[in-house]
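Undergrad: Sequence:
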Amino acid sequence: YERILQLKEVNPDLRVLLSIGGWTHASRGFNDVSKSANNIKTFAKNSMKFLRDNKFDGLDLDWEYPGAKDQGAEPHSKTGYTKLQLSRVFQQEAKETGKEKLLLTCATAAARHRIEAGYEVEEVCKYFDFVSVMTYDYHGSWDGKTGHNSPLYGMHKERKKYREWNINSSMEVWVELGCPREKLNIGLSAYGRAFSLFGETGMGNGKLIIKKKSSIGVKASAAEAGKYTREAGVLAYYEICELLAKNPSNRVFWHREMSVPYVSSKSLWIGFDNV
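Everything in the sequence shown is counted per our numbering, starting at 1 for the first residue and increasing by one.
Please keep in mind that the hints were generated in silico from the structure rather than gathered at the bench.
Computed cross-link-like contacts, PhoX-like style, restricted to lysine-lysine with a CA-CA straight-line distance of at most 25 Å:
{"id": "1", "residue 1": "Lys126", "residue 2": "Lys78"}
{"id": "2", "residue 1": "Lys55", "residue 2": "Lys8"}
{"id": "3", "residue 1": "Lys69", "residue 2": "Lys161"}
{"id": "4", "residue 1": "Lys35", "residue 2": "Lys69"}
Taking CB as the label site, the calculated pair distances span:
{"id": "5", "residue 1": "Pro75", "residue 2": "Ser259", "range": "37 to 43 Å"}
{"id": "6", "residue 1": "Ser196", "residue 2": "Leu14", "range": "38 to 44 Å"}
{"id": "7", "residue 1": "Lys145", "residue 2": "Ile20", "range": "30 to 36 Å"}
{"id": "8", "residue 1": "Lys126", "residue 2": "Pro248", "range": "49 to 55 Å"}
{"id": "9", "residue 1": "Leu244", "residue 2": "Gly144", "range": "24 to 30 Å"}
{"id": "10", "residue 1": "Pro248", "residue 2": "Leu14", "range": "36 to 42 Å"}
{"id": "11", "residue 1": "Ser221", "residue 2": "Leu18", "range": "32 to 38 Å"}
{"id": "12", "residue 1": "His25", "residue 2": "Leu244", "range": "30 to 36 Å"}
We treat Cβ as the ideally placed atom computed from N, Cα and C, and that holds for glycine.
Build out the structure end to end from the sequences listed, making use of the hints.
TA: Pasting the structure below:
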């Protein structure tokens, strides 16, 4: 952590938080912690000690996701998440020590079905200093066709199921369910979702069939893994920049309806952010 914390020497106002959880972590640990008041108290005490000892400014809870049975969440997880009100413990510690209060934040779901299943939104937004909505990974190679990783807006022709799968709609869902706008942060991805394009008949006799026109919804599979990220279908922003610099056939286009950039060539399609 030291390299990140050293950035405070450049910007004394910088606040660095420790994030726990993540997609691969899923509900492990969170289920047990949120089961009882004693567990939560122990978790809060241990967290505070670690944060203070290592000069962090707060804690970010990245539980993916409460209420999600497919991610191992137990039935109590929705109400249990609300009970993770460590902010009260953090306030008391700051009052007793005279130190600046530790921040408590969370990384949360962007899809309506995940939000409604996993969060008591009004209560959650009372106790967290801010809520970072994971407004990315709306589409990827798992769809079997091209789709943007983080569209700002939806497309009118999209099926009803997917019309809210965009940044604007996700944030509006959180507001609709009772979270103050000033508590919400948009998540930005420093990577893109990359696809190898195929014709209607796919590989066919082991040969790549190329479609002349490439856009949203074209049959595709995960693109080759990048040199550094080493995961098929995912390219870091710097890897995308490198691809563009090396190969002029990879061109950046702007999708007007979704208000996002994408890379397109005869055999490659990447949805990414360039803010």
